[in-house]
Amino acid sequence: MKTSTVVRHTLTHLFIIALGLLMIYPIVWMIVSSFKPNNMIFSDPGLIPKAVTLENYISGWRGYAGVSFGRFFLNSLILCAGAVAGNLIACTMAAYAFGRLKFVGRSFWFAVMMLTLMLPGHVTIVPQYILFNSFGWVGTFLPILVPKFLATDAFFVFLLVQFIRSLPKELDDAAIIDGCSQAGVFLRIIVPLATPALVTTALFTFLWTWDDFFNHLLYLTNPSIFSVSRALRTFVGDAGAVSNWGGALAMATLSMIPPFILFFALQKYFVEGIATTGIKG
Amino acid sequence: MASTSDAKIQMSRTSGVARFFRRNATAYMFLTPWLLGFFVLTLYPMLYSFWLGFTNYDFTKPNSTEWIGLGNYVRMFGPLFGISQFTASNGEVMRADPYYLKSLTVTFNYVFAAVPLKLIFALAVAMLLNQRLRWVPFYRAVYYIPTLLGGSVAVAVLWRKLFERDGLVNSALSFLGFTNLPGWITNPKYALWTLILLSVWQFGSSMIIFLAGLKQIPEEYYEAASVDGANKVRQFFAITIPLLSPVILFNLVMQMIGAFQAFTQAYIIGGGSGGVLNSTLFYTLHLYIQGWTYHELGYASAMAWVLLAIIGALTALVFRTSDFWVSYGTGE
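Residue numbers (my numbering), protein chains in the order written: chain A, 1159 to 1439; chain B, 46 to 377.
Okay, chain A solo, but in the shape it has when bound (with noise of 0.2 Å):
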């Protein structure tokens, strides 16, 4: 009996590593090619390099329009940094609001929040980028940036109302008592310990800025401002005329760091961000 489901589940985790190899494999070629000669990637489709080379991060590097990556890489943290301190800020505070303070209309803009969810942001893109444009916005950060400030993103509104409504409301009768205010029960009380439901929040706006492209694509229209997704689509040009292929999977191996040195920094987060709300990753 002991033998063999011992035996059944080292077969198990045979399995799940062979599929999960398979899974990643393309990943990990990619990284591996990044380091081949130029001639080479198309050759060789086996995992260990003949040789080893650095230069396609130097030609990738170079960029794009005299615009090195370096500057791309900046401005895609600068579109991160904004875009999580204004879900932060407007989302927490919305939730706040919906999840914890009594007012007149709570239910009927709690109910236009959780249909807002569900629309689809092509309705709105046109206006918006008409709007946009009339401000003089379009090539600038603005247009993606300001509307995180606006709560726009009504996920985590979402996400923020489910966590605030767990915390025991005790806490902020207590606070009140003491003399503490509303917007002093927010910030001494809430905040604190809504922290990972913050922390999930701030993981999920960094992870869908980063790899953004739609909006990057509308409104980041010269290459000083260009974002790391939008310049990597300049590698593979119009008809897919692609000059530089190793400088191309080079710069997408770089691409891929942040994500993935956040995902598995914030593991935990991640996986009960999704499996409460259902987020799609």
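Since the hints were derived computationally from the structure, they do not count as laboratory data.
Even glycine gets a Cβ: it sits at the ideal position worked out from N, Cα and C.
Treat the hints with care, since some could be wrong.
Heads up, incomplete: computed chain A residues facing chain B, CB under 8 Å, no partners named [as the list claims (entries may be wrong)]:
#1 1252
#2 1278
#3 1286
#4 1288
#5 1310
#6 1382
#7 1403
#8 1419
#9 1423
Model the placement of chain B on the given structure of chain A, informed by the hints.
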């Protein structure tokens, strides 16, 4: 005595009103950013785009915008009725969009293939990981990696590389003895399948949600079933599927809504176009090309509203059918 208590009541009443106002003011202060966002960036744009959908708004000449009634909608669906050219209500002779129906077909094919395949695969992997095994959190993390990175431009670039005529996939297949292999992305017969595969590969979120759902099913149900002589297959259909059905519904709706809006991968893999013979002309990609390549933002707005209607109708349909297949079990 009576007068003082009256005064007290009076006082508490005024302070009650004051408190009522203060509380509302505080709440609305906290809600201000969201309200502003809702009115300026959601409600107003929605109404505006609904109106734009009935005009010939051109981004390069907004001042010559004219009301064209259902013109944009005839452009979309005219070819269905054999209309290729028509006169709009402003007297303008318009051409029907020869690619709109193609983009609709491509998108429906994509959604109806990618979503079920992804859910089946996600459920299979979730069941594989839902065992009393060591290292499951680690495995779960590894299986999530494609989802973590899959939506990025980086992976789309990689995908093109993998499925080219001389890409990694063909190298592997020819190593296995296959010959005469096509360029998967440049062949209109297979191009959409590379995108479907890319979508299925990103099964991670659904898998994690399924895994959380599977953990909720009491072990005793399976034990009781196996005592009664039910085999694994029967257990799967009699216990797992019914008890998991709310989670399946949730995943189905979320993935469907997401799939209809897929853009990045098709854009990168098609090099900014719909690919060979528009075989990967996703709805949103067509919308982007009409709106931003040809500056026809009025037409793009109408397209966006049709997309909203399609997604809304299908979601409602799924919920309607859910009465028949989703059980909100009484067991728990």
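Comparing the hints with the structure gives:
1. 1252: 4 Å, holds
2. 1278: 5 Å, holds
3. 1286: 5 Å, holds
4. 1288: Hint on residue 1288 of chain A: holds, closest Cβ of chain B at ~7 Å, below 8 Å.
5. 1310: 5 Å, holds
6. 1382: Violated. Min distance 19 Å.
7. 1403: 7 Å, holds
8. 1419: Since chain B brings no Cβ nearer than about 11 Å to residue 1419 of chain A, farther than 8 Å, the hint is violated.
9. 1423: Interface hint status for residue 1423 of chain A: violated (12 Å vs cutoff 8 Å).
The earlier numbered hints that this structure contradicts are 6, 8 and 9.
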